[in-house]
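Go by the hints and put chain B onto chain A.
Number of protein chains: 2
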Amino acid sequence: MSVTAAQGFTAAGIAAGIKENGNPDLALVVNEGPRLAAAGVFTSNRVKAAPVLWSEQVLRGGRVSAVVLNSGGANACTGPAGFQDTHATAEAVAGALGQSAGEVAVCSTGLIGVRLPMDKLLPGVAKAAAELSAHGGEKAAIAIKTTDTVHKTAVHEGEGWTVGGMAKGAGMLAPGLATMLVVLTTDADLDSAALDEALRAATRTTFDRADSDGCMSTNDTVLLLASGASGVTPAAESFTAAVEEVCADLARQLIRDAEGASKDIKIEVINAATEDDAVEVGRSIARNNLLKCAIHGEDPNWGRVLSAIGTTSAAFEPDRLNVAINGVWVCKSGSVGEDRELVDMRYREVHITADLAAGTETATIWTNDLTAEYVHENSAYSS
Amino acid sequence: MSVTAAQGFTAAGIAAGIKENGNPDLALVVNEGPRLAAAGVFTSNRVKAAPVLWSEQVLRGGRVSAVVLNSGGANACTGPAGFQDTHATAEAVAGALGQSAGEVAVCSTGLIGVRLPMDKLLPGVAKAAAELSAHGGEKAAIAIKTTDTVHKTAVHEGEGWTVGGMAKGAGMLAPGLATMLVVLTTDADLDSAALDEALRAATRTTFDRADSDGCMSTNDTVLLLASGASGVTPAAESFTAAVEEVCADLARQLIRDAEGASKDIKIEVINAATEDDAVEVGRSIARNNLLKCAIHGEDPNWGRVLSAIGTTSAAFEPDRLNVAINGVWVCKSGSVGEDRELVDMRYREVHITADLAAGTETATIWTNDLTAEYVHENSAYSS
Chain A
1 MSVTAAQGFT
11 AAGIAAGIKE
21 NGNPDLALVV
31 NEGPRLAAAG
41 VFTSNRVKAA
51 PVLWSEQVLR
61 GGRVSAVVLN
71 SGGANACTGP
81 AGFQDTHATA
91 EAVAGALGQS
101 AGEVAVCSTG
111 LIGVRLPMDK
121 LLPGVAKAAA
131 ELSAHGGEKA
141 AIAIKTTDTV
151 HKTAVHEGEG
161 WTVGGMAKGA
171 GMLAPGLATM
181 LVVLTTDADL
191 DSAALDEALR
201 AATRTTFDRA
211 DSDGCMSTND
221 TVLLLASGAS
231 GVTPAAESFT
241 AAVEEVCADL
251 ARQLIRDAEG
261 ASKDIKIEVI
271 NAATEDDAVE
281 VGRSIARNNL
291 LKCAIHGEDP
301 NWGRVLSAIG
311 TTSAAFEPDR
321 LNVAINGVWV
331 CKSGSVGEDR
341 ELVDMRYREV
351 HITADLAAGT
361 ETATIWTNDL
371 TAEYVHENSA
381 YSS
Chain B
1 MSVTAAQGFT
11 AAGIAAGIKE
21 NGNPDLALVV
31 NEGPRLAAAG
41 VFTSNRVKAA
51 PVLWSEQVLR
61 GGRVSAVVLN
71 SGGANACTGP
81 AGFQDTHATA
91 EAVAGALGQS
101 AGEVAVCSTG
111 LIGVRLPMDK
121 LLPGVAKAAA
131 ELSAHGGEKA
141 AIAIKTTDTV
151 HKTAVHEGEG
161 WTVGGMAKGA
171 GMLAPGLATM
181 LVVLTTDADL
191 DSAALDEALR
201 AATRTTFDRA
211 DSDGCMSTND
221 TVLLLASGAS
231 GVTPAAESFT
241 AAVEEVCADL
251 ARQLIRDAEG
261 ASKDIKIEVI
271 NAATEDDAVE
281 VGRSIARNNL
291 LKCAIHGEDP
301 NWGRVLSAIG
311 TTSAAFEPDR
321 LNVAINGVWV
331 CKSGSVGEDR
341 ELVDMRYREV
351 HITADLAAGT
361 ETATIWTNDL
371 TAEYVHENSA
381 YSS
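Going down the list, the sequences are from chains A and B. Take the first sequence: its position 28, counting from 1, is numbered 28 in the working numbering, and each next residue is one higher. Take the second sequence: its position 326, counting from 1, is numbered 326 in the working numbering, and each next residue is one higher.
The shape of chain A in the complex, shown without the other chains (with noise of 0.2 Å):
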């Protein structure tokens, strides 16, 4: 499954030695063809790892014959030396495939302002590539986790043809918790301005829309990759439909095993006068450490909840807000509502429904509680 469900891909995962426990560390997917077409988004956070800028060049053009991925190292934050080195990494992959460097992709995860140990990174390229196979998949997406539990693979079929693909990390696009990498394949007949279209389409309302800590990574990345080898060109809707479905669930996977979380929280902004409002307030909910701590302790407390719209520059009146938590609408019209005793949050899954009773648009975020464990786990990271 994984990026090897749609045909016409190959991979690998292997342990390069990157990692100092000796765990997978070094994934490739190349894309056998017949197609080459690629497209891909990219953190925007201003400040870029070496691998984000060279995969945006190589986007660029719009064709990509292979992905080279590692964790145990972002290379972020590394100045000229560690562009070198992402360079100098897609020349071993494209040697190793006799391939164009150009059109070979780079991605990296794992702590910032640290080189890659490339005596280590280089020979890796060599065993993947000797290692590349059609069921490959499953081991590529177990060798991009860092502080993952579990590696996350995702799968469409579509009528003759297929979108699969991998992620790791916990977070968002643009902000991210960790360093997010995914990629996506498809044996679909499409060129890159239709992967394109489809992949915005996909990630604004999937990985854009789980904000899991605020935090936005320096190395965010999601490719797409067509290989054409079904040789059907699906309809443009129901291709969209596909990558949103598979970017959806590995969104939500990326959520379930976001670091230190007990609780996945779901944020409905209903009644926006804009989709822009609506976004605009379901960050402004999730990113509220407060309620995060609030929902950790099962506790439902909307007045979090109104001080985070009040916040933000939405439209809206604070005497006409509504707030549901899993069902009881505990605020109406700014004020108490239905009593918060009837809320039952005994379950991982928390809903909370926003209403700014102000329009007709509406958003949905994805966010995380704020624990304990969360804190012991990024207090201890790089130390």
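Hints were generated in silico from the structure; no laboratory data involved. Among the hints, a few may not be true.
Treat identical chains as interchangeable: a pair holds within one or across any two.
To be verified - Straight-line distance between alpha carbons at most 25 Å, and here's what the computed SDA-like set of lysine to any residue pairs gives:
(1) K332 with E317
(2) K332 with N271
(3) K332 with P318
(4) K332 with P80
(5) K127 with G22
(6) K266 with M345
(7) K263 with H376
(8) K332 with G79
(9) K263 with R204
(10) K127 with A88
(11) K332 with P117
(12) K266 with R46
(13) K263 with M118
(14) K266 with A372
(15) K263 with W329
(16) K332 with A380
(17) K266 with L342
(18) K332 with F83
(19) K127 with R115
(20) K263 with E377
(21) K266 with R204
(22) K266 with E377
(23) K263 with A372
(24) K120 with A15
(25) K263 with A380
(26) K120 with D339
Just so we're clear, the structure is a prediction, and the values are computed from it rather than from any experiment.
Showing chain B alone in chain A's frame:
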């Protein structure tokens, strides 16, 4: 000390029974004149508590004869009934003191979305009025505590005049961690316009730049009352400097007592193109949960600082950024700088310097680390 350090003020702090644990929960500060000049700044949250809506109206007149403050309930998101409770509280104070309710400011702090127990609050007003004293400042400061572990007061002695004050909460004016309330008093002979100018200048660089957890309160209020009792009219610059000194002192006390914090983090942004850029970058760093966790773990994780800077719209080039942690330039030219092992993070205060290399402006933001204790305190708060 506290609000009674300046001549012409009396205060009291009593237990009215609003808090179930019987701790002091009601404070009264009275301006005995001869002048009743006042200025105030309030939360910029659009969801404002009833006492904020009320006090904003009162302050428009530039005269405040008394301030009544309660802990044990924020009276926020309580609808028209909550506003009537605030009005009734002001009337009770006015009745007890023989003054006009339109000159009585009201402040509340505690849980959002809960009505105040007026059957306890109103008798408490009479009790507090009976205990008013020129030495009551300390008791008033104690009565406004919520999750504060210590009460906070500060005094500046001018030449023949005094500025004193008290504060509760831990966080910022806008945003605020918890409900932040501050009452400052002076016996300087100044009108409300002069007070307003000094107060805005002082809060802009003090309370507005303390960002404990990025959450903006519905109740934040800072009031400055002048009695004119000293008969001295200080020069504008020296008076503003005095108010700023008292505000800075109280703001530091708020940060030092922030919920669950183990580190006070001073973020100095230097060489910014504009002061706004410096503040935006400082706030972005201050609100980065991953960095706050890293500092908690005494990990000089400068990559988190760069990631946070990268999310702003400030003028900078990624490869010209420099970051020092406790004086060690761990990031130079956007890449690895001095050895991170040189950074000594054993002490409570941590100093981060972010050099944008884009101009000459500067700003300092204070924040705290993110700890398991913060999560614990805020996940158990209202349950």
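These are the hints, each one checked on the structure:
no.: 1; hint: K332 with E317; result: within (12 Å within a copy, 47 Å between copies)
no.: 2; hint: K332 with N271; result: within (14 Å within a copy, 48 Å between copies)
no.: 3; hint: K332 with P318; result: within (10 Å within a copy, 46 Å between copies)
no.: 4; hint: K332 with P80; result: between (56 Å within a copy, 13 Å between copies)
no.: 5; hint: K127 with G22; result: within (15 Å within a copy, 70 Å between copies)
no.: 6; hint: K266 with M345; result: within (13 Å within a copy, 38 Å between copies)
no.: 7; hint: K263 with H376; result: both (17 Å within a copy, 15 Å between copies)
no.: 8; hint: K332 with G79; result: between (53 Å within a copy, 10 Å between copies)
no.: 9; hint: K263 with R204; result: within (23 Å within a copy, 37 Å between copies)
no.: 10; hint: K127 with A88; result: within (16 Å within a copy, 78 Å between copies)
no.: 11; hint: K332 with P117; result: between (57 Å within a copy, 21 Å between copies)
no.: 12; hint: K266 with R46; result: between (28 Å within a copy, 24 Å between copies)
no.: 13; hint: K263 with M118; result: neither (39 Å within a copy, 37 Å between copies)
no.: 14; hint: K266 with A372; result: both (21 Å within a copy, 24 Å between copies)
no.: 15; hint: K263 with W329; result: within (20 Å within a copy, 39 Å between copies)
no.: 16; hint: K332 with A380; result: between (42 Å within a copy, 24 Å between copies)
no.: 17; hint: K266 with L342; result: within (19 Å within a copy, 43 Å between copies)
no.: 18; hint: K332 with F83; result: between (54 Å within a copy, 16 Å between copies)
no.: 19; hint: K127 with R115; result: within (21 Å within a copy, 68 Å between copies)
no.: 20; hint: K263 with E377; result: both (16 Å within a copy, 18 Å between copies)
no.: 21; hint: K266 with R204; result: within (16 Å within a copy, 36 Å between copies)
no.: 22; hint: K266 with E377; result: both (23 Å within a copy, 23 Å between copies)
no.: 23; hint: K263 with A372; result: both (13 Å within a copy, 16 Å between copies)
no.: 24; hint: K120 with A15; result: within (10 Å within a copy, 68 Å between copies)
no.: 25; hint: K263 with A380; result: both (22 Å within a copy, 16 Å between copies)
no.: 26; hint: K120 with D339; result: between (60 Å within a copy, 23 Å between copies)
The structure is inconsistent with hint 13 alone, although it conforms to all the rest.
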